[in-house]
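Residue numbers (UniProt numbering), protein chains in the order written: chain U, 1 to 494; chain R, 1 to 494.
Source of the hints: derived by calculation from the structure; they are not laboratory data.
Possibly wrong hints are sitting among the right ones.
One copy or two, it doesn't matter: identical chains are merged, so the pair holds either way.
No more than 30 angstroms apart at the CA atoms, straight line, and that leaves these computed lysine-lysine pairs for DSSO-like [unchecked claim]: (1) Lys251 to Lys329; (2) Lys209 to Lys485; (3) Lys251 to Lys126; (4) Lys418 to Lys209; (5) Lys221 to Lys83; (6) Lys206 to Lys126; (7) Lys429 to Lys485; (8) Lys209 to Lys106; (9) Lys83 to Lys418; (10) Lys206 to Lys11; (11) Lys429 to Lys206; (12) Lys206 to Lys485; (13) Lys16 to Lys83; (14) Lys346 to Lys429; (15) Lys206 to Lys221; (16) Lys326 to Lys485; (17) Lys425 to Lys206; (18) Lys329 to Lys11; (19) Lys16 to Lys106; (20) Lys11 to Lys429; (21) Lys83 to Lys425.
2 protein chains.
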Amino acid sequence: MAKQKKTPRPKAQTPKGFRDYFGIEVVERAAMLDAIARVYHHYGFDALDSSAVETVEALGKFLPDVDRPNAGVFAWQEDEGDKPGDWLALRYDLTAPLARVYAQHKDDLPTPYRRYAMGPVWRNEKPGPGRFRQFYQCDADTVGAPSVAADAEICAMLADCLETVGIARGDYVVRVNNRKVLNGVLEVMGLDDQGQRDAVLRTIDKFDKVGSDGVRQLLGKGRLDASGAYIDGVGLSDAQAEPVIAFLTSKGAGVAETLANLRAAVGGSAIGAEGVDELEEIAALVAAQGYGTERIDIDPSVVRGLGYYTGPVFEAELTFDILDEKGAKRQFGSVAGGGRYDDLVKRFTGQSVPATGISIGVDRLLAALRAKGQAQVAAPGPVVVTVMDRARMADYQAMVAELRQAGIRAEVYLGNPKNFGNQLKYADKRGSPVAIIEGADEQAAGVVQIKDLVLGAQIAASATLEEWKERPSQFEVPRADMIAKVREILDAHS
Amino acid sequence: MAKQKKTPRPKAQTPKGFRDYFGIEVVERAAMLDAIARVYHHYGFDALDSSAVETVEALGKFLPDVDRPNAGVFAWQEDEGDKPGDWLALRYDLTAPLARVYAQHKDDLPTPYRRYAMGPVWRNEKPGPGRFRQFYQCDADTVGAPSVAADAEICAMLADCLETVGIARGDYVVRVNNRKVLNGVLEVMGLDDQGQRDAVLRTIDKFDKVGSDGVRQLLGKGRLDASGAYIDGVGLSDAQAEPVIAFLTSKGAGVAETLANLRAAVGGSAIGAEGVDELEEIAALVAAQGYGTERIDIDPSVVRGLGYYTGPVFEAELTFDILDEKGAKRQFGSVAGGGRYDDLVKRFTGQSVPATGISIGVDRLLAALRAKGQAQVAAPGPVVVTVMDRARMADYQAMVAELRQAGIRAEVYLGNPKNFGNQLKYADKRGSPVAIIEGADEQAAGVVQIKDLVLGAQIAASATLEEWKERPSQFEVPRADMIAKVREILDAHS
């Protein structure tokens, strides 16, 4: 008999690029998703929970983020024994599944179909610091509404969502741009070659990083980037490149000035004029609903997603400063984006279906609230009933049941009760506000000891001996008064 | 140049065995998960959201349901270019990830660690009617508590969860059995051969289907099953098989009688006696917390999971009758199960870590509430503001904003407004309680028309002409009274 090889122990590790979320992190995210869902619902949007797994065929390859050209999906082939199975994949966003759902169920769905969806999505890409391969999205889209009134509604709803989760008015702005205006600019430039148009689109996408001078260089001969590498340019002349720069920098002092600048930039292009008209209409619609430009603004410098969307494009940016890893001040930046994409459903049905929507990056939004110190403070842990006599567990569990029935979060210590110090250490690790002690003496006297752990910690940290004596943090009360005393302590700390 | 082949359109279909959930289904499930999470939290359990993707190595193959021996996982290999990548898989339950999480993070977690988790899990198995490859679980487990007080707590919490989501007391029972008692029985039988023990375990698992006579035949020579096929037996004599039958049928009129029957069945086996002691302790602990046997009962006929768990086993069954597809009455059956499994973490660390928990099948529980007619009735749709004049969209959106600010779910019609009938059909499909109409005449007169669609439908369905005249379902009110009138109608129908 061959010597048996011992199976090595499996490594207890998440796969690379994945992580676990604990306690308050989970509760905070659930609360935020719930708050956003309420706003979406209030606007008449209905919930949709599509399957996390799609056929690769249905999913297609429509990743909206052009800065992640190599972003992939997690995919595998079905094992059907005799014949080759379908390729399946985890959804990489909530928009591609919406297109599939709408094409599959359109006869049963109202038109227009307003839907919201929230849940994890997966990207098979190189993980980086703070960049995970599973993250949450929270989307709302309107399918089948050609009017830009739908876009205006989305922008208003996005502003409401941000305020609902705790971003103060003035700390965010929803910026709106329009792909059609850019198309008009390209038309004016006489760029008919699709390759050149795509090259211009890719270049514009770098506007955030390199600014207008950088874009000018990249549209022309090229540019030496920060790493010292030379990036080849698109090869346009300065004159040819000028309309693009005019477009990107056309934001004026007010909406009217911005629109006038845009009209100048698109010259006689019909599609360009249509784009400017749409922006004008959106501005008028949100203004009529009371949203000023400090909340929703027309801003042609928003370029993220311009290559992907077909009409209006939205981006919500947080405008307050945070300190980055190096201690430098910078704006928090984008937490949500979206726009109009009229061709997604067409892949399935052959018919163009107008659609517009937004996706809120919930994890980034939570990070923003934490950076502002506005995230929920850690909720207190449960009241811990300690175990002084293992044989009396039934009594302790009955005490806990009594506390819970009184609406108080509570638990009995379930580790080895031998070392009482470990029980208090446990209560500390759990963030417990109160510990309850009932040993043989207390039981005989019909009392319980109630330790105020919050006060105890305060006293231990700072009190003088005098204060210590004057402010006891442990109370002996009749067993019948346990609930009342615990509630008194909890109320004092809340 | 070769003739270009047209790419065929992708099929708009979920993969086989997957489905989408719409509107009220999503909201109902979210509400149920939320209600259960509150109970778990109230018992001192903390939230955990582990990644949906695990390494196949970490996941292992520990599917608890012995009736699904071929259940598989969705797995794929990481593409790391030069070297073979890890195999990754979607989690098939929430327990295997918990073992990995605990082994990975145990230094940072309290001991005992009480955690709850909820979310989708995936099974790569043949889909069937009503059986999907993605479904929701909602688990609570205590890791690191050896005492059966932890098991008793789980049972009490499970009963509380069921009542919280709307299962009335008397309509469910949490049944408790113990794997150690069965081990004692096997010891008494003198079955030392692991193969034979496994065969007995597999046979016991069929008790639900074939009853005690069927089990007796299967433990002996074999049995002709319903399809006419002959199933080979384990080959035990009737005398040898008798302790198993005694165990399975040992439920008496009360807990004391059941325990006495079990003591007789395990004879002099030490492990068997330990198992019966544990059941006795659990019964005493839940009784002390006020849970009678109509809520939590000792029942040795619970066999599901006995092969997987190492100590106490729990199952929550709904005891009311429903009508099956054929119109026959049957009990709804199991909606939650769990037990003690002391070896899961050992795979990673080499040390045995006691753990116990439950998993609630949320989708089955929702189906049960629907079967009882207790599920949430469909919430009303939004108030729909119709569009009489496309050029006045800003006014209509402002009306909608006003309604929303008053706390009323509302939307403007965003389809093609040309055909007014389509707008009312849309409102009907949306389940809207109220439609608002403001054409040129109304605007000039400073009024709006408010249609009570619920009353309108009632009248249309049943009213005589007289009643029709007497009970108008459309009201003309001054524009300033719009909110008040809408609220009045909504209140009348709620």
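Now the hints, each set against the structure:
no. : hint             : in the structure
1   : Lys251 to Lys329 : within (24 angstroms within a copy, 71 angstroms between copies)
2   : Lys209 to Lys485 : neither (60 angstroms within a copy, 53 angstroms between copies)
3   : Lys251 to Lys126 : neither (36 angstroms within a copy, 58 angstroms between copies)
4   : Lys418 to Lys209 : neither (61 angstroms within a copy, 46 angstroms between copies)
5   : Lys221 to Lys83  : neither (53 angstroms within a copy, 40 angstroms between copies)
6   : Lys206 to Lys126 : within (21 angstroms within a copy, 48 angstroms between copies)
7   : Lys429 to Lys485 : within (23 angstroms within a copy, 55 angstroms between copies)
8   : Lys209 to Lys106 : neither (41 angstroms within a copy, 42 angstroms between copies)
9   : Lys83 to Lys418  : neither (62 angstroms within a copy, 51 angstroms between copies)
10  : Lys206 to Lys11  : neither (41 angstroms within a copy, 36 angstroms between copies)
11  : Lys429 to Lys206 : neither (47 angstroms within a copy, 45 angstroms between copies)
12  : Lys206 to Lys485 : neither (62 angstroms within a copy, 53 angstroms between copies)
13  : Lys16 to Lys83   : between (33 angstroms within a copy, 15 angstroms between copies)
14  : Lys346 to Lys429 : between (55 angstroms within a copy, 24 angstroms between copies)
15  : Lys206 to Lys221 : within (16 angstroms within a copy, 77 angstroms between copies)
16  : Lys326 to Lys485 : neither (48 angstroms within a copy, 58 angstroms between copies)
17  : Lys425 to Lys206 : neither (53 angstroms within a copy, 47 angstroms between copies)
18  : Lys329 to Lys11  : neither (40 angstroms within a copy, 49 angstroms between copies)
19  : Lys16 to Lys106  : between (39 angstroms within a copy, 19 angstroms between copies)
20  : Lys11 to Lys429  : within (26 angstroms within a copy, 53 angstroms between copies)
21  : Lys83 to Lys425  : neither (59 angstroms within a copy, 46 angstroms between copies)
The structure fails hints 2, 3, 4, 5, 8, 9, 10, 11, 12, 16, 17, 18, 21 (numbered hints given earlier, in ascending order).
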